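Hey, can you work out the whole structure from these sequences and the hints?
Which chain is which? The protein sequence lines are A and B, in order.
Read in this note's numbering, the first sequence has 842 at position 113, and its numbers run on one by one without any break.
Read in this note's numbering, the second sequence has 974 at position 245, and its numbers run on one by one without any break.
Quick caveat, the hints were computed from the structure, so don't treat them as lab data.
Keep in mind that a hint or two might mislead.
Said to hold, decoys possible - The calculated label-pair distances, taken between Cβ atoms and stated as ranges, are:
(1) B/953 <-> A/1085: 50 to 58 Å
(2) B/898 <-> A/1048: 41 to 49 Å
(3) A/1048 <-> B/950: 25 to 33 Å
(4) A/949 <-> B/900: 55 to 63 Å
(5) A/1048 <-> B/869: 47 to 55 Å
(6) B/869 <-> A/753: 28 to 36 Å
(7) B/973 <-> A/836: 30 to 38 Å
(8) A/945 <-> B/935: 53 to 61 Å
(9) B/1024 <-> A/803: 53 to 61 Å
(10) B/831 <-> A/950: 17 to 25 Å
(11) B/973 <-> A/1122: 43 to 51 Å
(12) A/872 <-> B/800: 54 to 62 Å
As the list claims (entries may be wrong) - Chain A residues, not near chain B, derived (Cβ > 10 Å throughout):
(13) 791
(14) 801
(15) 984
If you're wondering where the values come from, they're calculated on a predicted model, not measured in any experiment.
We put the beta carbon where it would ideally sit given N, CA and C, even for glycine.
What follows is the residue order along each chain.
There are 2 protein chains.
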Amino acid sequence: MGPGPINADPRVSQVLASPLIGQFDPAMTAFMTQTMELYRTVFRTANDATLVVDGTSRAGIEAAIVSLIAPGDRVLVPVFGRFGGLLAEIASRAGAEVHTIDEEWGRAFDQQRVIDEIDRVHPRLVAIVHGDTATTIAQPLDQIGPACRERGVLLYTDTTASLGGNPFEMDDWCVDAASAGLQKCLAGPSGASPVSLSDRAVAVVRTRSRVEAGIRAPGDRVDGDVIRSNYLDLGQIIDYWGPRRLNHHTEATAMLYAARECARLLVLEGMDHAVARHARHGAAMAVGLQGLGLELFGDQTHRMHNVIGAVIPDDVDGEAVRGMLLSRFGIEIGTSFGPLAGRIWRVGVMGYNAREDTVLTTLAALGAVLARLGTRHRDPAAGVSAAQDWYDAHALAD
Amino acid sequence: MGPGPINADPRVSQVLASPLIGQFDPAMTAFMTQTMELYRTVFRTANDATLVVDGTSRAGIEAAIVSLIAPGDRVLVPVFGRFGGLLAEIASRAGAEVHTIDEEWGRAFDQQRVIDEIDRVHPRLVAIVHGDTATTIAQPLDQIGPACRERGVLLYTDTTASLGGNPFEMDDWCVDAASAGLQKCLAGPSGASPVSLSDRAVAVVRTRSRVEAGIRAPGDRVDGDVIRSNYLDLGQIIDYWGPRRLNHHTEATAMLYAARECARLLVLEGMDHAVARHARHGAAMAVGLQGLGLELFGDQTHRMHNVIGAVIPDDVDGEAVRGMLLSRFGIEIGTSFGPLAGRIWRVGVMGYNAREDTVLTTLAALGAVLARLGTRHRDPAAGVSAAQDWYDAHALAD
Chain A
730 MGPGPINADP RVSQVLASPL IGQFDPAMTA FMTQTMELYR TVFRTANDAT LVVDGTSRAG
790 IEAAIVSLIA PGDRVLVPVF GRFGGLLAEI ASRAGAEVHT IDEEWGRAFD QQRVIDEIDR
850 VHPRLVAIVH GDTATTIAQP LDQIGPACRE RGVLLYTDTT ASLGGNPFEM DDWCVDAASA
910 GLQKCLAGPS GASPVSLSDR AVAVVRTRSR VEAGIRAPGD RVDGDVIRSN YLDLGQIIDY
970 WGPRRLNHHT EATAMLYAAR ECARLLVLEG MDHAVARHAR HGAAMAVGLQ GLGLELFGDQ
1030 THRMHNVIGA VIPDDVDGEA VRGMLLSRFG IEIGTSFGPL AGRIWRVGVM GYNAREDTVL
1090 TTLAALGAVL ARLGTRHRDP AAGVSAAQDW YDAHALAD
Chain B
730 MGPGPINADP RVSQVLASPL IGQFDPAMTA FMTQTMELYR TVFRTANDAT LVVDGTSRAG
790 IEAAIVSLIA PGDRVLVPVF GRFGGLLAEI ASRAGAEVHT IDEEWGRAFD QQRVIDEIDR
850 VHPRLVAIVH GDTATTIAQP LDQIGPACRE RGVLLYTDTT ASLGGNPFEM DDWCVDAASA
910 GLQKCLAGPS GASPVSLSDR AVAVVRTRSR VEAGIRAPGD RVDGDVIRSN YLDLGQIIDY
970 WGPRRLNHHT EATAMLYAAR ECARLLVLEG MDHAVARHAR HGAAMAVGLQ GLGLELFGDQ
1030 THRMHNVIGA VIPDDVDGEA VRGMLLSRFG IEIGTSFGPL AGRIWRVGVM GYNAREDTVL
1090 TTLAALGAVL ARLGTRHRDP AAGVSAAQDW YDAHALAD
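This is how it looks when you write it as structure tokens:
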């Protein structure tokens, strides 16, 4: 029940153990094509270039950034938590001229402020986190995206923590590039990163991508700018997933099975239903934490459905609480980074763990641990009571 | 039975489905530490910096190269097959001044020729493939390594195709950096890349690695050269695996389980035994292919134990044979790349498939397909007969 990685849906775990097949076996390439289509539904996009990068969510972020920007390109990164800082770091290593603006941790940017900064800086790319687990906040993008498009600026967003559990409309919001991971609302293991690129973004990548020596065909470009990474060159990866079936990396078959199953389960459930499920159980957890007398962290109007921050009360040692929950109850919750390290707990309600039983069990255990370790009096069952009352008042139709 | 990826050992497949745990859970960090120790045995090294990169074998190659060399550094790449070309490509994208020398595909370099070239070029790094699946050839390194060490030159080698099935002595041969993959002799799925760095290599990486903004501690360097990739910055990855437990990527838990199990099974068997097993079944396959009247490709004195090349005879369509083997018998064999595409078949005998039953079944099926599709007369059972005779003459002691 931490901010991710979380335990996988057992159906996803099972497919990992399926027999492996060769990377150009027709069954394998058919799986790849199915996976592309499933992720179009997950990202809410018609983008052809929707695929999976073989690496953790961070590999997907770096693939998007290093493929889209050339050294010297100006990149604007609005930072509202640790993972905005990571985007700036990755863009800087890729040689970009990075401009950042900062919002207080626990708040989302006013979109107009970002748009004004775009007009001031004139970046080639805006890179922004959609949901920053470090702060539990989701950033609205529905105005930033169209503003980028009008101005001919590319928009990349990191949806690792948010996709599948919060509204995300890649095409409607005019997002040009998005990446994700399996280990949050997608209910799978870390290690594969779904990525989608708009046709505009693909056109930019095509000006920089180069088919590697040894398998180049007549007509493939050989001169000019080149993407600094071979492994994360999205142009080559698109041609590996696409009809050309270019030999690039050796597809990580087991992780592909997992990525496909994660998307299949979400599509089977329906994206709207999955988002509503995360909203429901996240709300119950928030109410339960308040029931235990804890103060929620951050602007709750922009809270991600799937991660709830709670201020660690001053009568307990936050790490002792986390330690007892993990070692005695087998329940993991997180703290945060930087200015929030040791100041807040982060409780995840996501993927396979976005369920009533996991919410109530976690609240019961946390109540008991607070009663044992805290010096202030609390009713250990108050969290459970509040959440159960909330569930009863918000019963689902049959 | 292709040149890899191959089907995994069922014991490896099973661990992929194990429950996931948090990345800083003491159980998880203990798994990571065990995995480091197991891979020290596999690489035959005492290197502290022995770990797993989250990505395919190509990610491990790029991590080593981009972390070790700064833009402008001179790199010598002796190329004797497709994957030497890949090393040159990756080094070039990392900004190196790349010098290549070429050997005919199907032959290994005379080591003195490489040493002479080192003396002429004075590179900072020599990057060379250990076993190139494209040509089936393994490159001797036992003289190149000491020559590099005497001259203060770093030696990196790609052991993706060879490790576990062929002799490899990281420390005795003075190799500074090596990377591998799970999908060949390690009998696992593609998607994790074991990497080991000597202390000398780590010292070089430390001059370039930078802890990313947001989690930097006082005393961490902030100025000077920086590794161009964040995801593949081996300095940060070493600190993630090491006592500092620096937050970097979210460890790919399922693939870590697989990487650990691959090494555990090899260590349990004994490295010498595993190498001998690959030698045994590879030899039987080679004898069997010759029994079918096929000419072996490449210098057999330097052939990898685990991949055998056979020249496609002129009376059959090589792709039709491969297609019938796959679609009707469920057996995959490979062709090759570039000048060898369509000219040779490559048959893999590696990992879980390095067994008598797989060798004999493959030869039986290939004999039958050649009888059906070839226009020249052949005894369909001649491959099996030759291999069975060889096994009978080389019976293992009880």
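Worksheet item: Which hints from the list above does the structure break, by number from lowest to highest?
Response: Of the numbered hints given earlier, those the structure breaks are 4, 8, 12, 13 and 15, listed in rising order.
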